[in-house]
Each structure stands twice: as structure tokens, then as C-alpha cells.
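4 protein chains.
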Amino acid sequence: MIHFDTDYMEGAHPEVMRRLMETNDEQTAGYGADAYTAHAKELIRQACGQPQAAVHLLVGGTQTNATVIDALLARHEGVLAAETAHINVHEAGAIEATGHKVITLPTHSGKVRADEVAAYIRDFYRDDTYEHMVAPGMLYISHPTEYGTLYTLAELEALSRVCRETGIPCYMDGARLGYGLVAEGTDVTLQDIARLCDVFYIGGTKVGALFGEAVVASDPRRLPHFFPLIKQHGALLAKGRLLGIQFETLFTEGLYWRAADHAVRLAQKLKQLFVAKGYRFPFDSPTNQQFVCLPNEVIDRLLAHVTFELWGPRGERETVVRFVTSWATREEDVEKLGEILAICS
Amino acid sequence: MIHFDTDYMEGAHPEVMRRLMETNDEQTAGYGADAYTAHAKELIRQACGQPQAAVHLLVGGTQTNATVIDALLARHEGVLAAETAHINVHEAGAIEATGHKVITLPTHSGKVRADEVAAYIRDFYRDDTYEHMVAPGMLYISHPTEYGTLYTLAELEALSRVCRETGIPCYMDGARLGYGLVAEGTDVTLQDIARLCDVFYIGGTKVGALFGEAVVASDPRRLPHFFPLIKQHGALLAKGRLLGIQFETLFTEGLYWRAADHAVRLAQKLKQLFVAKGYRFPFDSPTNQQFVCLPNEVIDRLLAHVTFELWGPRGERETVVRFVTSWATREEDVEKLGEILAICS
Amino acid sequence: MIHFDTDYMEGAHPEVMRRLMETNDEQTAGYGADAYTAHAKELIRQACGQPQAAVHLLVGGTQTNATVIDALLARHEGVLAAETAHINVHEAGAIEATGHKVITLPTHSGKVRADEVAAYIRDFYRDDTYEHMVAPGMLYISHPTEYGTLYTLAELEALSRVCRETGIPCYMDGARLGYGLVAEGTDVTLQDIARLCDVFYIGGTKVGALFGEAVVASDPRRLPHFFPLIKQHGALLAKGRLLGIQFETLFTEGLYWRAADHAVRLAQKLKQLFVAKGYRFPFDSPTNQQFVCLPNEVIDRLLAHVTFELWGPRGERETVVRFVTSWATREEDVEKLGEILAICS
Amino acid sequence: MIHFDTDYMEGAHPEVMRRLMETNDEQTAGYGADAYTAHAKELIRQACGQPQAAVHLLVGGTQTNATVIDALLARHEGVLAAETAHINVHEAGAIEATGHKVITLPTHSGKVRADEVAAYIRDFYRDDTYEHMVAPGMLYISHPTEYGTLYTLAELEALSRVCRETGIPCYMDGARLGYGLVAEGTDVTLQDIARLCDVFYIGGTKVGALFGEAVVASDPRRLPHFFPLIKQHGALLAKGRLLGIQFETLFTEGLYWRAADHAVRLAQKLKQLFVAKGYRFPFDSPTNQQFVCLPNEVIDRLLAHVTFELWGPRGERETVVRFVTSWATREEDVEKLGEILAICS
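Protein chains in written order, with our numbering: chain A, 1 to 345; chain B, 1 to 345; chain C, 1 to 345; chain D, 1 to 345.
Heads up, some of the hints might be wrong.
Capping the alpha-carbon separation at 25 Å, the derived lysine to aspartate or glutamate pairs in DMTMM-like fashion look like this [stated by the list, open to error]:
(1) 271/D x 25/A
(2) 336/A x 26/D
(3) 269/C x 26/B
(4) 269/A x 26/D
(5) 271/C x 25/B
(6) 336/A x 25/D
(7) 336/A x 253/A
(8) 336/D x 25/A
(9) 271/B x 331/C
(10) 269/C x 25/B
(11) 336/B x 333/C
(12) 336/C x 26/B
(13) 269/B x 165/C
Using C-beta positions, here's what the derived DEER-type ranges look like [as the list claims (entries may be wrong)]:
(14) 332/D x 252/A: 11 to 21 Å
(15) 106/A x 108/B: 13 to 23 Å
(16) 129/B x 252/D: 28 to 38 Å
(17) 116/A x 115/C: 34 to 44 Å
(18) 39/D x 108/B: 45 to 55 Å
(19) 130/C x 154/D: 49 to 59 Å
Don't read these hints as lab results, they were simulated from the structure. Heads up, the beta-carbon is just placed ideally off N, CA and C, and yes, glycines get one too.
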């Protein structure tokens, strides 16, 4: 049996594990006040080209989204997001639990459009009753999106411009950021993101770490008093150096990019297996998640040999399924999938 | 200048004011522990045909919605509602401020459909990741809806059945309930509502009272510990007898129905003025709110003589506007509107 | 039977009722966008000597406290208050429900001391772990306090100074403010309060109105976006003009002061009845609430003729009880109490 | 320089690290749906003597407290705790952020007394105004406490009895539970705790794991729908098997007890160093935290050679300081401390 369910099926990249082992006996201060964490933050600032940036290391994605969004919004504000956004669908109401509404915008393969963001905000303030409504207080985007798609630099610049013109922060959920940065054809760099997004996070959990997400705010005044908020949200790791060591390793000698590159290359190879069979792809993903529409009987045959996720409820005759690679996926497993597919389809 | 903006432009029905004056010097216990409140609750129980019902008197609609929904939901649950629902659009995030998501369903002239509620709940639990999502914990409907439309008895029975089969309470926002109860052609009575909805409220603010909403739960176990929750939500009136006196008056000799009937009769008369002119009605409302699509130049001419609300942003050539009557609307004002319309259109 | 339970046993001052009746049929815009409300706010600004002040009219006290405190605090902050403060004891957790801790300070007959506030804040920031603790983000005081006691001008100035030096707003709960302003011996005026407190409210519910509390912020930037917050907290009255008319009446020809003065004069007369009998007063209240320590058998005899509140649980031999007068208390009832006391003690 | 600051200065017990390394390349389902987690839960159930217990693995202590307390309380309820409790002092308002008040009881070396819990609850319901107050909805205790002290079995039984008689759950914060279980003289076993506390957690972060806390509810109905609540609180680890592997290791061959025993033995040895010098101990701790009152000049001299924490603000002449050992403390470091102390005091 081979597995393409998610990109968090293994532990951490061997290099990360090696460093955790090497440092295991060292004694450091807790809660991120250690030298590893300081160094990791410095490496991230350098990689972002933002020497003044505030960097905060948290444990998981939903936790990071809730903490950042709670920090950025005033009490009367909500967060704009695509209706398919992770915060709107798959975080068990974590955003609402902090008291804030997720205001949904149309999704375009998981992305929002700058003109629609602008129109929403413009129409909002044109409505006489707007003070009875939840004010759009920030924009949430993800890159890659839930569907593995990516913003172009032009799209990101347009979103950033709308946000700055309307005075709301732009926040990017980068749970799979690495896979986006190395995708073929992308013209968006980490420096672009750091320049265009007011706050974003660099996902570690799905890109080589055991866990960990690095929140970056190029202007540190965007996240005042963020430390007690991290604590209040239960997101403060006692042994904070575990986050520091992991991100230090990932941002040394480009490991974060190398790990991501491996996954994306194999995902594209995997994609070609299905393309060759003529199956339909509902989203054109250049990253490590591939969505493909398969006949139900093919799905049933495949499931005897390989695991993957049904995307949404099973259709009558065919269903969208998701195959995911990671920094840990083995080339031989992709090849094996090709053989299985040859038999099953 | 005549006014059809809303149904809360005047004070209270003269009979209500008379009783408030008559009792003004009396001394009673606070927080609703007075005989007027007890009597009002008894009258409401009788009118509902539910001798065991719990009745709670609160001050305003948004407050009532937030308090009831917070009481009915567990922490991991959200409330199902039409995307046009008042709680989703016009309560400034009051529901989310209590930590709960409003889960939106398609709107059908402001109403939700039982089959769509059932499908949502069924699909939710079919999704493998449902524990990562906000569970549908109750249903919110309004009757009349935001658009003055009404559920039929069959529709209400179907919704109630879905709720009971899936184990979630059905809650009705009755901010304008009176206008619904007396509408021509409705087959839904107050007793039906009390039987089919687990919790609902009888709106006073818009139907003859200065303010006040009466929450009814036919099974009092539906709202345990509701008193401290009312207090916690800032919804407990110190001089609670003001609510008691008002609802006692409204539920004596059918004043609530009579007051509503006046408004609905005049609304239908008003509607005919526009029908006669051939204007289009986006919703077919048998209650006290009438939505009509008017050419922008007609709107501009009318506004010199009569006030009413634009419904949403102004269109390019025509715009939907709302005319509202109330228990206090004068017959002569409706006639005057007819004369104005003759000139302006 | 005569009653001294609370100061909210009657309706409203006859003058207030008269104005509500006179204006009942008028049609005005909702939600406070009417001329009565505008005029009431202007009268309050004048009385406060703060022509730029923001004034907001809400319905009740707990609601007002929760809305203001939620508006003034950042997410990581709590509110400093005496351990006996209404927000800490008698608001059913309304403050915590907005996500904020009430940080308690020692009570001195219901008051907090400036030096203790200063010491708390100083020690807080001296603690190495302060970022793991709830930051003191504002000060809550009440005037009169729960025990009818008053701050002197010097005390209020000291508290204000501490707040401004440490950068936290000073908020005064003025549920019974009128009774404090007219107390014999007080050197604190409404203008002093408006100058020294960043935000405070002028209580209407207990001083002549049916309901209503007027929030004042001398610097309107203290309460940005307060309107949607009022709505979100369920504190926005649809027929907002009811609040406007009441406060307009109370702030015309000094009615607010006259109504309060009546209550305080009778409270002092009542106090003398108990002083003459040699009973002990746990607090020296110059306002409309009087706390007196009575033998249990006296209490039992009195209760056959007069109602009042036990303050806390019944003691073994004697118990503190509370007698309250209001703008509506009748002189003859105080005299009658004298006669009853002569018999019962 | 040697360090006795905290018990989370190192990584994980070598045995735990070894298992994380061994399993690193394995592919498992996420979010705790893996065999390691299932096995860990089974081992914990066995150790607790509660074959039906629900076990949930979370990441950190504050997070666990907030999630459990939010799950156990109704909206109108608060949590009873010692005024020194971690949730009251050092969690940055995480409990209040979920909308609940921490109701404080007197501290007795960090412990609460059953008679005082009982008295609080009894007096609460005797108060006529109790519905205006936050109802005591559960009890929070810690074992060991913040001061390293322990409940006796008799004390724990008494607390449990009060809770069950009054119908509120008893919850134990076991962040350092291991150190309590192996303390000399304790008569409380893990089985006792599982029997007497409705919910408790077994701390991993401070007792041998990299991170992780195991929540146990002997009656699983105590924590319905806990999975989505974990997610909502941002406490759900994507690679849940990391928690499973760690707790499986800790609960195999008694590693949890052995690791704790090492720390406690060295803490007692360390204690004797100070006892021998005649210093005063404000708390008599049989666990791994030792609090000792030292002259300021001794503290200053020691700090040149050894790190430890000042407990609270520095006193005028002497200050309470804390020395903490862990499963990782080296015997030679304790001996070295003896030598340093000989020189410095």
C-alpha cells in the first residue's frame, strides 16, 4: 500500500531530526527566549529581505490563523476570505470563537480577486446601514490555496494595493508556502510576499518540520503585544527552542526550498500519470496537491493499492480526489502509482 | 412629508402608553419579579396554547437573537440561517461575538427550504472531516422574513420535522410576528408556531410596544439557566415590569393582533397603488413591508414628498425600495401617497 | 407596607413620562438618529463642560459596562476594579463573556486607592513573567460605589493622574451618579468627572428615567467605532428617541439634580432614624443608599411592615441591611418608617 | 554555569527521542488517528485503571486548561480555583478569553480546602441575587501545585466528595503530575486521581516529553464533542502521532515514573543543601520544585555561578527563589550547587 493522503504523514526532514537530537541535552531558556530561536528569526528576516520584521514561531496552522486574525481585527471587524478558505471551512469555528465573522467572497479556484475585494469594501461603505454590519477589517488569502493554486505576482500586487488603499491589512496563510515558492512558473518570491503582505506565515508542519509556523510582520507595529496573545491562545510552546531549531535548520542552506522542490517535482510527475490517462483536473495546480476527477469504479480499484482523499462527497458516477506529495514522498512510490493506475483505469 | 421608512418610527400604541402612565407610581420588585410580568407571561402561554412554556421578556431583537442562540448552541456548533438572515447581515457580528458561526443556506425570498436544511445536515455528517468543521447546531428562521414573506404551515411543519429528526432546535425570530399572524392567506397560527418551533420570540418593538421581545420555549428545559444568561448579555431590564405591562396590554383583548392588522391592511392598500402603476415587486409580501422596483427618476421625485428606504445600493436605472407600514400608520398618509404617486410616476 | 428595597421600583419621573406621552405619535428616524437624541447629547455636553465630547445613549448598566470595557481594552488586557465592584460580582460574568479578566484590587468601602492602583501597575511590569499575565488595561470605578460612598475630588484627581501617567483610561460607572452629585459635602462636580475620567456614564435608570445610561467620552477618539459595538452588544434601541427624550428632559432645568436631591435628602432623614436608635453603619454613605447593622429580631419585626434588602447572608445575631430611597420616595413613607422603627426596635 | 530555572530546559528523555527517530519515516494518518496514539491511550487507560476512559492528547498546558474548562462549563458558569492558580495568574487570560470567570478561593500553599469550596457553593446559592452572579460550575486544582505541594488522599477525597455532592466536575491540572506521583510520603496514586477527578491531565512537557499533555476523563460522557473543541482551540496537532509516540514511550515500562523519580530525588538532595545552611522554606515541597528564602546578597553571589528564578519581586533584604530539577538534571550539577553554596552563603 502506498500513500498520497496528505503532506503530514511522516515526521520531520532527517536534517531537522538530526539537529533536534544533537541539541536535545542542551539547557536553554523557555518560551522562545533561546539563541536558536533568535537565530532562526534572523535567518527568516534575511530570507524575507526585511531586516526589521517581527517573527513569531507558533505550533500549528489553525492556531496561527486564530491568533493573528484576533490580533489584527478590532472588535467590530471581520475577516474577508474566499468561501472555500480554510478559516471558513476547516477550522471548527476557531475564528468565530475569537468573536469575529468570516466574511466570504467568491472563490476562483481557491483565490479571491482584487476587484471583488475592492467592490465589497466599496459597496459596504456605500450601504446606509453599514454600521449595523460587520466591517471588513482585513483580508485573508492562502498561497498555495486549498486547491494548490497560486497567485501571480500581478494578482498579489493588486490585492496588496486594494488593502493598502482601503487601510486593511493583507494576511497570507502560508501553511504550504514552500510548495508555492518552488512551483514551476511562479513569479512570486518570499521577498515579494514579505513586501506585499502585512502579515503572513511560513508553514513548517507541512514542509519539513515536525510542526511549527513562522509568523512574519515586516512592520513589527502590526502585531503589538503579540506575545501575551500567543500565550492567551494556548499557542506558546514551553520548549520554544524546538521551533527555533527546526526553522533554523530549514532556513540554513535552503533546506526549506529543497524539501519543497522534491515534493513539487514528484507531484508534477504524478500529475502526468493522470494526464496521460485523459482524466480531468478541476484545478490546475503547479504545487504538491493534485486534484483529479476519477470514475467511481477506478477509485474503488485504486483504493485496494493506494490511499488518497475523496474531495467532498462521492459523486454519482465520478468524484474529485486529491493526491498529495511531500518533502518525504519516495520517487518509487510515484512510479508504483503509475503501474497501479495502468492496471486500475 | 409623509414617512414609510420603518415600523419603529413612533412610540407605543396609545393603550400601551396609557397603562404605563397608570402604573407609573406603583412600586414593584425589579428584574421581572413583578405581578405584571407574571400575568403577561401567563397571557402569552395561553395565547400559545402551551401552559408549561417558559416565557422571558427581553428588550430588543439583536439582543434576543444573540442571547437565545448563545443559550441553544454548544461551543462547537453554529446556527443555520438563510444568507439574507438578519443575524447574518444586520447584527454587527453579535452572533459571532458570542463565539458561534452563522452557517448560511440559500435564500428563497428570505426563506430556507426544509430539503436544503436536511441536505446540509446529511452532507455535513457524510464528510469525513466533519469534526474539523462547525456542526449545525440549530436552525434560525424569521417569520415574516426580512422581505415580508411568510412560511406556509406545510413549510413550517417540514422544517420542524427536519429539525426534530436531526436533533437540532428550530428557532424563529418573530421581530414582526404580529404582521405575519394576521396576513391574508396565512395558515400559520401562534399555536402552530409554539408547537413547531422549539424557541421563538414575539416581537413587541415593531408591533405596538415601545420595546420588548417575548421569548417562548414550549419546553422550558430548552433554556436552562436563561436568567443569568439574559443578565450576562446585558439584556436584563432593571424595571422589568415595563416589559410585563406592555406585553400584558398587547395580549389583552387581542391588541397585538388588532395593531398588526391595521398595518397589514394599509400595506396591502399601499401595495395596490404600485400594482396599479405596473411596477414590479421582487417579493410577494402579504405583510407590512412592501418591496417595489422603481425607476430612479421616480424615486427622486417621490423623495421630495415621502420618505422610504432604498433596499441595497442604487441601481443604474431602477432600484428596489421598501415601504413599511405599522400599527401607527395613518390611513390618510396612504391616500396621500397615492396622490403623490399619481404626480411623480 | 412601605418599600425601601431599591431605587428602581417605580416607573419614571412624571416630567419624563409627560414628554414620552407628548411625543408618542411623532415619527422619527430610528437608532438614535433623531433630533431629541441630538439635543439630549448637546445638553449633556454642556452640563459636562465638554463641547467636543462623544455621548452615546444605551439602555442598561451591565450592558453599558460590558460595551465600554470591551471597547476600551485590547485583547490581552483586563480591567482593574475593586473586588466589590459591580462588574466583578453582580453582572453574571458579562465582562468575562467579552473575553476580559476583571483584575481585583482591595476595596475601601467600595473605593479603590490611587496608591494601590499605581503599585499594582508598577509591580506588574516589574514581574519578569508579566507577558504571561493579563495586563491592566483600564481602571473601573463607581461613583457612588456599591455602598453609597463617594470619592473626594482629591481622590479622583489622584486616580486620574495614575491612569494618565500609566497610559490607561479611567472609566466611571455612574449608575447612581446623580445621587453622588448632590450629596452633602461632596466636592466633585459633573465637570470634574468629565475632566478626570476618560469615559463615564450618567445613570438614568435609577435617577428618574424608565431606563437609559448616557456614556460620555470627553475625547471622542477614546471610543472609535462605538456604534457598531453598541449594536453588536445588543445595546442599540430601535426607538432610540426614547433615550433622547428622557435625557433631554432630565437635563432640562436641572431635573436630574432635582430628582436626585429629593432622594438624598430623604435618605439622610431616614439615616437619622437609625442613628437616633444607636445602630451601627458599616459605611458612611452621604447618598441614597443606607447600610445599617440591625439585630436579627429587629429585622424580623420590621419586615412585617416595611421591605428592604439583606446585604449578604444573614448573620448569627445581626445582619447588615440596605435601605434605598429614590427620586420617587414619599416623605410620608420615611416618616412612617420612623413610627415603625419606634415600635419594632 | 549550572541551571535550575525550570523543568523544561532540555528536549525530551533519550528514550522518547529514540522512538521519534525510529518512527520518523513511517507514514500514518494525521490528527491522532494513528496506531501509536491508539496504543498510548490504551496504556494510559490501563495505568489509570479506567478501561472506559476518554483520553485526548494535546500540546501544551495553558491550551489544555482553556480547552477543558471551556468544554466543562456552561455559558453562565465560572471555574473555582485558588487565587494563586496558574489559570488565574499565568495564562494571560486564556480562560477569560473563552468567556468564563475564574472565581478565586483562598490559597493554602497553593491548595484549596474542601470546606471552603463547600462553603463558597453553599453561600452562593443562599444569596438572593445569585442569578446575577457567575455560578461555580467546576473546580480547578493542580497537583503538584504551583508551589510543589501535594494534596493528601484524604484531601482529594474530600474535594471530590464536595464536587459530586454539589454536581460540579473536579478538574486537576497535572502539568507536573509525575513529580507528584513519586514524591516521598504521598498516598495519592494515578488510579486515585482517575477515580476522584472527573477530568485531569497527565503532563508530558515537564516530565520527559518534548511537549504533550494527556487529558483523561474516566467517564467519556464528561467531554462530548471534544475533538472539534480541540480543533477550535488550535490544540489539534496535524502530526498527532508525535503525541502518541511520546506518551506510548512514557507509559511503557514505567518511564514516566522513572523520569519523575530522578528529578524528585535530586530535588530533595538539593533541598538538603539549603536546609543544612538553615535557610527558610516558605512551602514544604516534596516534589521537584523547591522554594527557599535567601538573603539578597547570597542570591547575587549565587547568580554568578548558577541560574534559578526569583519568585515574585525582589524583597528588601531577602527574596524567595525557586530551584527546579527535572528528569534531565545531572547529579553532578546538584553536587556542584553544594560547592557553590558553601562559597556563596
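Evaluation of the provided hints:
{"no.": "1", "hint": "271/D x 25/A", "result": "24 Å, holds"}
{"no.": "2", "hint": "336/A x 26/D", "result": "18 Å, holds"}
{"no.": "3", "hint": "269/C x 26/B", "result": "23 Å, holds"}
{"no.": "4", "hint": "269/A x 26/D", "result": "23 Å, holds"}
{"no.": "5", "hint": "271/C x 25/B", "result": "24 Å, holds"}
{"no.": "6", "hint": "336/A x 25/D", "result": "18 Å, holds"}
{"no.": "7", "hint": "336/A x 253/A", "result": "31 Å, violated"}
{"no.": "8", "hint": "336/D x 25/A", "result": "18 Å, holds"}
{"no.": "9", "hint": "271/B x 331/C", "result": "57 Å, violated"}
{"no.": "10", "hint": "269/C x 25/B", "result": "22 Å, holds"}
{"no.": "11", "hint": "336/B x 333/C", "result": "55 Å, violated"}
{"no.": "12", "hint": "336/C x 26/B", "result": "18 Å, holds"}
{"no.": "13", "hint": "269/B x 165/C", "result": "65 Å, violated"}
{"no.": "14", "hint": "332/D x 252/A: 11 to 21 Å", "result": "33 Å, violated"}
{"no.": "15", "hint": "106/A x 108/B: 13 to 23 Å", "result": "20 Å, holds"}
{"no.": "16", "hint": "129/B x 252/D: 28 to 38 Å", "result": "32 Å, holds"}
{"no.": "17", "hint": "116/A x 115/C: 34 to 44 Å", "result": "56 Å, violated"}
{"no.": "18", "hint": "39/D x 108/B: 45 to 55 Å", "result": "51 Å, holds"}
{"no.": "19", "hint": "130/C x 154/D: 49 to 59 Å", "result": "37 Å, violated"}
The earlier numbered hints that this structure contradicts are 7, 9, 11, 13, 14, 17, 19.
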